[in-house]
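Student: Take the sequence shown: its letter number 3 is residue 3 in full-length UniProt numbering, and every next letter is one higher.
Think of the hints as simulated: they come from the structure by calculation, not from any bench. Be a bit skeptical, because a hint or two may be false.
Below, a list of computed lysine to any residue pairs in the SDA-like style, where the Cα atoms sit at most 20 Å apart [to be verified]: (1) 28 - 93; (2) 28 - 115; (3) 28 - 103.
Derived DEER-like restraints, expressed as beta-carbon distance ranges [what the hints assert, rightly or not]: (4) 57 - 31: 17 to 27 Å; (5) 114 - 77: 13 to 23 Å; (6) 18 - 81: 19 to 29 Å; (7) 48 - 115: 11 to 21 Å.
For every residue, glycine included, the Cβ atom is placed at its ideal position computed from N, Cα and C.
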Amino acid sequence: MLTAAVGHAAPPVDAAREPFGDWVGTLKTDAGTCPDQISSTLQVSRTSVVFTPGDSALVLRGAHHPDGSVHAELVLPDRNHKPLPMVFEGHPDGASFAGVFGTPTCRAHVTLTRPAP
1 MLTAAVGHAA PPVDAAREPF GDWVGTLKTD AGTCPDQISS TLQVSRTSVV
51 FTPGDSALVL RGAHHPDGSV HAELVLPDRN HKPLPMVFEG HPDGASFAGV
101 FGTPTCRAHV TLTRPAP
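Full structure from sequences and hints, please.
Tutor: Shown next, in the form of structure tokens:
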């Protein structure tokens with residue numbers, strides 16, 4: 001009986017129906033210089049969203065909207081004391097989240113999936 005169950009993994013969960021939890025993926029640079037050498041993490045809860053580009057110390061915070069989309073941002077001062085915005089926008093796409101990360105010097109896209117158990 002055990003052999004019948006082996007190899008039958010559960011189908012991926014639809015991100016639009018089950019968005020809460022952790023999602024990971026590697027940024028793919030479209031323009032500029034982006035943190036694309038290390039995985040990034042998106043954490044979605046009922047009340048908030050956290051995105052860490054390149055799993056760095058930078059933490060973008062935001063909201064999970066009723067339509068399923070997510071928005072997170074962080075604004076820090078640059079060397080000239082001017083605002084340096086960092087923004088992540090994402091939406092469910094099947095069993096993953098599709099997103100775009102941008103700063104004045106970086107534009108990247110990412111597909112985020114559930115981490116392996």
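Student: Compare the structure with each hint and give your call.
Tutor: Hint by hint, here is what the structure shows:
1. 28 - 93: holds, 17 Å
2. 28 - 115: Measuring from Cα to Cα gives roughly 18 Å; hence the hint holds.
3. 28 - 103: holds, 14 Å
4. 57 - 31: 17 to 27 Å: Given about 23 Å between the Cβ atoms, the range holds.
5. 114 - 77: 13 to 23 Å: violated, 35 Å
6. 18 - 81: 19 to 29 Å: violated, 43 Å
7. 48 - 115: 11 to 21 Å: holds, 19 Å
Hints 5 and 6 from the list above are not met by this structure, while the remaining hints are.
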